[in-house]
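Enquirer: Work out the full structure: start from the sequences and follow the hints.
As given, the protein sequences belong to chains Y and D, one line each in that order.
Under full-length UniProt numbering, the first sequence is numbered contiguously, ending at residue 351.
Under full-length UniProt numbering, the second sequence is numbered contiguously, ending at residue 1463.
Incorrect hints may appear among the rest.
20 Å max Cα-Cα, derived PhoX-like pairs, lysine-lysine [as the list claims (entries may be wrong)]:
#, chain 1, residue 1, chain 2, residue 2
1, D, Lys291, D, Lys1027
2, D, Lys989, D, Lys1020
3, D, Lys331, Y, Lys82
4, Y, Lys299, D, Lys331
5, D, Lys1027, D, Lys989
6, D, Lys331, Y, Lys168
7, D, Lys291, D, Lys1020
Hint data in this document are derived by calculation from the structure and do not stem from the laboratory.
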Amino acid sequence: MAKNQVGAGPFARRPDNSAFKQQRLPAWSPSLTPHTVLSVFYGLSLICVLLGIWLLITVQNTYQLKVDYTNGSCKKCFEMRKYPANATKNCICTANFKVPKAFLGDVFFYYGLINFHQNLRRYMDSRDDAQLVGRKKSLKFPSTYCKPFAYDENGLPIAPCGAVANSKFNDSFRLVYHQLDGPAVTVPLHRRGITWYTDKNIKFHNPPTNTTLQEAFQGTAQPLYWQRPVYDLDPEDPNNNGFINDDLIVWMREAAFPNFKKLYGILNRAHALFSHGLPAGNYSIIITYNFPVQYFQGKKEVVVSTVTWFGGQNYFLPIAYLVSSGMTFIAAIVLTVIHVKVGRDGKNMEE
Amino acid sequence: MAREIGEPGVAKSSTTKKHKRRKSKKEIKTRTVHANILYDQAKGGDNPNRHYANNKIKTTKYTLLSFIPKNLFEQFHRFANVYFVFIALLNFVPVVNAFQPELALAPVVFILSVTAIKDLWEDYRRHRSDKEINHMDCLVYSRSERQYLECYWKEVCVGDFIRLRCNEILPADVLLLSSSDPDRLCHIETATLDGETNLKQRQVVRSFIDLDTEFDPLKYNSVIECEKPNNDLNRFRGYITHRNGRRDGLYKENLLLRGCTIRNTEEAVGIVIYAGHETKAMLNNSGPRYKRSKLERQMNVDVFWCVVILLVMCLFSAIGHGLWMFQYGDKRPVFDVLSPEGTDLSPVVSAIYLFLTMIIVFQVLIPISLFVSIEIVKICQVYFIHQDADLYDEETDSHLQCRALNITEDLGQMQYIFSDKTGTLTENKMVFRRCIVAGVEYSHDANARRLAMYQEVDSEEDEGLSRGGTLPRKESLTSQHSGGKAVLRSQSTKSHRRTGSRAEAKRASILSKHTAFSSPMEKDITPDPQLRDKVNDCGSQMEFMRFHNQLLSQISPDLQDVFDFFIALTICNTVVVSSPNQPRQKVRRFELKSPVKTIEDFIKRFTPSRLTSASSSSSSTSLATNRSSSHRACSSLLSSPSAESTLARLEEERGATPGIRGALGTTPACPHAGGSVAGGSDEGELRYEAESPDEAALVYAARAYKCSLVGRLADQVTIELPHVGRLSFELLHTLAFDSTRKRMSVVVRNPLTEQITVYTKGADSVIMDLIRPPAADDSKGKRQRKILFKTQNYLNLYGMDGLRTLCIAKRVLSKEQYASWLRRHLEAETAIQGREELLFESALRLETDLHLLGATGIEDRLQDGVPETIAALRRAGLQIWVLTGDKQETAINIAYACKLLDPEEEIITLNADSQEACAVLLDESLHYIQAKFLCSSSADPCAAGVFQPDYATLQFHAPPTSSGTAGPVVVHRLGLVIDGRTLAYALDKSLEDKFLAVARSCRSVLCCRSTPLQKSMVVKLVRDKLKVMTLAIGDGANDVSMIQVADVGVGISGQEGMQAVMASDFALPRFQYLQKLLLVHGHWCYSRLANMILYFFYKNAMFVALIFWYQFYCGFSGSAMIDQWYLIFFNLMFSAFPQLITGTLDKDVSADTLQELPQLYMNGQNSEEYKPYMFWMNMIDAFYQSLVCFFIPYFAYADSDVDLFTWGTPITTLALLTILLHLGIETKTWTWMNWASIAFSIVLFFMVAMCYNASCPTCYSPSNPYWTMQRLLGDPLFYLMCVITPIAALLPRYFYRACQGSLFPSPVQVGRQLDKVPLGLRRHLVNQRTAHRTPLYPLGPPFLKGCSSKITDPYSSNPKQKAQAASPICLKSMEMKDTPGSSKNPVNHLEHHDELSLPSSEIIWLTSTPLMPQMECVQLISPPSGASPGVTYQKNQESLDCPQQNILKQTCGERLSDSPDSQ
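Expert: Pasting the structure below:
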C-alpha cells in the first residue's frame, strides 16, 4: 500500500492482473470420486502383490537358526554367574545344535540378547563419543554423560567410560562342526570387518600414541565390569585393541529393541569345507560364559543366518505387501460397486 | 498503519509523569503556554514550556539498546512462547534432559527471532518515516533573527510562533493568532484526520481579530491556559489572558490541528499549543486491531485438548516407567543406569523425572509452529485479498484494505450482516428530486427524466470501457479548476506523500476524489416550471414592493412561503463557498469593509456564536463548479438604495435597543453591474463545499431557481435572488446539526423585513412535532392545517418512494423574544461546565413554534449491484439486517429496491410508543409467526409442490444450526420493520429475548430511525444472544460503534469520511464487493485455514505418537528413535512449506462457482471444515497412521541387528512421506508451487539428513547418527518400506475421501465437480439445480414452507400490472396476509376501506401508534424509477380496532380452511 504512489496515474492502485496475484495459477485439481481413483487402487494393488510375491520367494531362500544357551546346557555357568563373587572365575560350556539343511552363501554368526534394554535413554546417553574418537582430553576427563561410570573409586577416568561400554557383552564363542565322517572342525569366522566402515575408521579411534597402546591408556581405569583392560581386548590381534576393537564397536552401536542380535562373525568361506556356506550337520558352540542375564530375566542365544538383499530372514515385509495389496483390492472392489450403483448420480452431478 | 501502535500511549504516560512532577506547582488539569520568545535566552532554564513534549515524533518502539530486552519481553506475553522457553530450559536440567540443551533452544530461538526480525523491520520503517516527518520544514519565528526562519518540524516547541502558508501541512496543533484573510479566517482541510474533504473554517482568536497590522510576535505577551492534551478532535477549550488582564475564550474554532492542510489562506500565524505526540492527531492514531477469530477460538480449544493428550501420554509413560523399574526389584540390571551420584533412583522418583523428560520429548504435540504458520498464512491471505482486481474500484482508484490482519477466516463464517443504508447500500450521492412548498407538490418531472438519462449513460459506461469513461471526466474537472489551483493541489498531494506517514499518505488519495459530488447529475437540476414561475413571480413582486417601500408582509402567504423556502434552502446550511480560480478574499472583494466596523460593535456586546464547524457526524465534500452562475441576474442596483435606508434605520434602532442591530451587508453594487454574464464569468464558478451531500444537493437545487449562495462569512451570508439581487443576511447564530436534535438552524436578520428569523431544516419527524399547531378555525389556521396535512401526506409518499425527506421551517422572532433567548444562550456559550448540554437546551428553546415552509425529497441512488449482492448473500444463508437512521417509509422502499424485502414477503411492522405496547406487539408477532407457520406447515404440505422453484431456492436456506442456542430456527419469509423508538423498548432487558425470537425467524429485518448507539446495541444483542458471527458494514461516523461491536467490521471507503474505515477491519470501496469478499475470499480463507489447522494437529500428533509407541519397547525411558534434530526441525523445516503453500493457495472451489452458488458459503457458516469431531477423527487417523509408520519398520527390522538410529531414521522418513502425501490427499488444487514445495521438503530432508549424518561424529551427543542416512540410502529395505508404509497408512483416508466424493459429497465437493464443467454448461447446471431442487444440503432440515409462498401473483415488474395494482383495491390490512391469491380473495374484503394497496405485497401493520394522522386517502402511483419495484404503500386506519390476536387466530383458521381450496 505504501508503495502505491498517489498521483502516479489514474489507476495507480490497480492490482496487477497476474495469474499469481489473482490466484489464477494453472492448477490440477484431482477430484476424489470412484471412477477417478479406481485405477489408482487397482494399480497399487497390482504393484503390491507383485512385489510381495517376489519378496516372499526371496525370503524363502534364507536360513536362520537360533540356539538359546542361557540355561539349558549351560546351567552350571548360569548358576555360577548369579553371584558376582564368581565373576573372575572362568566358565566354559557347550551348546549343540543341528543344521538340517545347508546354509548356502554368506553365513552370519550373531549373538542375541533377549530383554536387554540397550535402548534405555539414560543408558544410551551414557557414553562419550569424544573419548571414543580418541581425544586425549576426553580420555582424561570423560563427559558428564558417562556418570556414574566416568571415574572409578580411585578417581581415575574410566576408558571407555559410560554404562554402554561398561555392560559390554563378553561371552565368546567357538563354533565347531562335527563332520559325519571326520574330525570336528572349528568353523572359521571372520572376526574382523563386522563393523560399519565408518565406525571403525571415523567414529572410533585410539588415542594417538608413539609407543604402545597401553601407554596411551596410561592413567585410565578399565570399566567396572570388564575383565580385561581396553588395550588388551583381543590378545590375538594387537591391531584389534583399544577403542577400535570390533566387538566393542559392535556393542557400542546400541540396538533399537530389547531383543536384539549383534554380529559376532562371518563365515570365512576360504576354507574348502565351507566354501558354499554352512553344510548341514551337527554343530556345537563352545561358549566362554561370562555375561550375566538373570538379573533382568534375560536370555542369550546364538543366531546363525544367511541374508537376502534386503536383510535377514524376515517374512514380515512380503506379508505386509500382500496384505496391503489385498486391502487395496477390497477397497477397489467396494469402490467399483459404488461406482456402478451410485456413479450414475455422480455423473448426473457433472452433466 | 502499524506505526503508531501504542506509542501515543507511551508518550502520554511520559508526559503525565512530567505533569505529575509539576503537580506541586501547578494544578494538573490545564496546561499553560507562554510564548517562547520571552524566554529565548534562558534556553530551557525558566521557560515554563520546557516540560511539554517537543514536536519530534518517535513512533518506534525500540532503540538499538532496548530492542532485545523489550522485544523479548513483549513476545513473552504470549503464553505459547513462555511454554516453549520453559521446555527448552527444562532441557538444561541434567536429570530430565532429553536433547542436547542448545539444540532444544533452537525452535524457540527460531520462532522468537522470526518475530523479532519482523518487529525490527517494522520498527525500522517507522523510524524512517518518523525521520522524514521530523525533517519537514516550517517557518518558526526566531527571537534573535527577528524573523521567521526555516526549521525542521522536530525543532518546533510549544510556545513557538509559526507562520503557515497556503497548502502547507501543519506541524503541530497551533492556535490561530493571525490570518491574511480579511475576515481573519483560515481554512483547513482535515482529510488526514477525519477524512472529511470539505474545508473547515478556523478563526483567529477573538482578541487578535481586529488587528489591522500584521501580527508581531514580539508584541505578543499573553498566557494561554488550555486543556491537557487529549484526543478529541472536536474539542478545545481554554482561555487566553492578556497582559491587561483581559480574558478571552478559546474554542476549537481557534485551533489548527497537526496534519491538516492550510487552504485558501495565504498566510497564517499561530502559536504552538500541543506538539509532537501530544497533538490531537497523534493521540488519535490507533494501530491495527487484533481480534481473535472464531476459528482461532475453536483451535485454542483443541490446543487445550492437545495439552491434555500430552499430559496423558506423559503420565502414562511415567507410570509405565515406574512399573518397569519396579519389576526389577532391588537388583538393578546393568543397563539401568544409576543416578550420576551413583545411587539408586527409586521408581517413583525416576517416574517423576521421566514425566518431565516426556514433556520435552513430546513437546512437538503442542504445535509451536502452528501459531507462526497461521500468521504467515494470514498475511499471505491478506495480500491476496488486497491484490484482487475484482475488489478494485476504478472510480475512486481504491481497493480493499485489510486493516485487521488476523480475522480473514472470519469472513467465511458470517451469519448476520448488519448494514447501514445511506452510503452503504446507496451511493450517498444526493440528488434533489422533489419538493413541497406550502403544501403544493412540485414533482420536477423533467428532473426525473434527466436522472433516468444519467442512469442510462452510467450503465452504458459501465458496460463499455468504463475506464475511458471516467478518466476524461476527471480531467475535465481538473481543468475547470484550472491554473494555479491545480498546481497547488498537486503540490499538496506530493507533500502529503512526502510525510511518509501512512495515514496521511493514504488520506491524500482522497484529495483526488475532491470531485466526488461534482458529477453533473447532482449539480444540474432542472427546475420545475411551475415553481420557477412562482419564484420569479415572487422575486418580481418583492422587488416591486420594496421599490415602492411597501411592507413585505403584504405579499401573499403562498409566495412568502416560497420566498422563505428558498432562502432557507440557500442559507440554512454550513456550505462554504469558494471559487477555484482565486484566493478566497477576491471572491468577496465587492463586499463592503465598512459594515464590519458596525458589526464589530455588535460582536462586542453579543458575540454571536459561530458554531459553523463540523458537527460530530461526518460529512463529505462538494467541490462543484457553479455552472449556472452565468445565468445569475446581477440586479443589485435595486438593492442599494434600500440598503442605505435600512442602515439608517438600523442606526436608530441601535440607539434604542443596543445589541439588536442588524447589520445589513447588502451588496451595494455588483462591480460589473452591466451584465450578468460578465459578472458570472469574472467571478469564476463558485464551488460549494458542504459538510453533507444533502446540504450540497439543496444548495444546488436552490441555485437552479437562481437563488444562489454567493458567500458565507462567519457572520454574514450573501445570497442572490432573482430580481431582488444580492442580499446579505446577517448571520446571528448557527446551531449546528446534531444527531439527537436531527436538525440545524440558522438565526439571521432578514435584510428586507428586518425580522430576526430562525430557519430550521431537519428530519420531518422532528420538525413536524415542532410546528406550531395551527391556531383557531380562522382561514389562516385552516390553511395552515391543510398545508401541514398535505405536506405530511407527501412526505409519506416521498418516504415510500425512497426519498430522503427534509422539512424546512422558519420562525420569526420578535426582538424581545430574541433578546431573552440570546441572554440565556450567551450564558450557555460562556459556561465552563456542561456547555454542550446548555447549548443543546438553548437550541431546543429556539426551535419551537415553527412555521412550516415546505419539504424536500432527495434521492439517494442505490449503488450498483446492491440488489444482486444482497440476493447472493441471502442465498448464501446470511441474514441481512439493515439499520438505518432514515425514516421508515424511505427505508422500506430502499429495502424493496435492493431486494432486501421481497414483495411476496409478509412484513411485520412494529411501532410502539410504550414499553407495554411493545411487549404486546412482540408477543402477538410471535404468536402470529408460530400459529401461521405451524399450521401452514401441517396443513398444506402439498402447497409446496405448486411452488417448486420457490421451494428449491429456499432449500438452500438451511438455517445455521451450529450456533443455535435453541436448536435450528426456521427462517420464514417474513420481513420485520421496527422503528427506533420501538427498538429502544425492544432492546430492553425484559423484551430483548422476545424481540430476538421474532427477529430471527424473519428473513430480513429493517431497523429505521435508529441511533448509532442502537445500532451497536442490536449488533451486540444478536452477537451475544444468538452466538452468531456478525458483520457490520457502514460508511459513516454513525456506523462506527456498530462496526466496532461486530465480529467483523467493514467500512465503505466512500464519501462520508474515514471514521468508519478507521474503525473497520476491512474497508471496501463499494458494497457490492462484499459479495466476493465473503463468498470467495471468506470461503477460501476459512477453508484454507481450517484445513491447515486440522492438518497441523494431525501432523504433530502423528509424529509424536511414533515416539510414544516406542516407549513400550524401551522401558518407557523416554528415549526416541527419531534423532533429536529431526524431532526438532521436523515441524520447523521439513514439513513446514507444503502446508504453508496449501494453506495459502488451495482453492476448494473456484471463484466463479463460489459466486454462482452462494450456498457454498454455508460451509463456513456451519463450520463444516472444522468441526470438533474432526479434530478427534484426525487424531484417530493420526494414531492409526503413526501405528503403521511405526510397526512396519518395527516388524521389518525385528530380530535384526539394527541399531536405534538406523531404525529410527527410516521412520522419520516414512512419517515425512506419509504426512506429505496426506497433505496431497487434502490438497484440492495443485499448482506448480504445491509440487515444488513438496519436492523441496523431501529434498531438504534428505539433504539435511545427509549433511548432518556426515558432519561431525562427536558434536551431537548424546545421539550419534553418523553416516546413518548414507547407509540407509544403500539399503533396499529402506525403499521397500518407503513404498508400502504410505500406502498402508493412507489407504483408509484415501478410501474414505473417494467414497465421500460419490456417496455423500459435501456441497463443496459438488461445487468442485462443477468446476470441471465448462462455464456455459455450468451456468445451465446451476440454474437447473435450482429448478429441480436438487438438495445441495441433503442433511439440512427441510425448510418449513411458509404460507406466504402460496401467493401466486408474481410481483409484476411490468408497468401495466403495476397500474392495475395501484387501483384502489381496499383491504383490511390485517387480513391481507391471508390472501392466498390476490385475484381470489380481495373481493371478500373489498368493503373495508378506501385505501390504496398493492395486492402483491402483504404488509401487516402491527402498530399501536398510527403511523400517520388519520386522514383521507393517499394515492401514489410511483413513477417507474430505476430498478425499484415500485412503491407500495398502505395505511392502516383501524389496526387497533380489533384485538390483533383474534385476527391472527382467525387468520390461521382461515388459512386452514382456505388451503384446500387453493389447490
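Enquirer: Now, for every hint given, state plainly whether the structure supports it.
Expert: Hints and how they fare:
| no. | hint | result |
| --- | --- | --- |
| 1 | Lys291/D - Lys1027/D | 16 Å, holds |
| 2 | Lys989/D - Lys1020/D | 13 Å, holds |
| 3 | Lys331/D - Lys82/Y | 11 Å, holds |
| 4 | Lys299/Y - Lys331/D | 17 Å, holds |
| 5 | Lys1027/D - Lys989/D | 17 Å, holds |
| 6 | Lys331/D - Lys168/Y | 19 Å, holds |
| 7 | Lys291/D - Lys1020/D | 16 Å, holds |
The earlier numbered hints are all upheld by this structure, with none contradicted.
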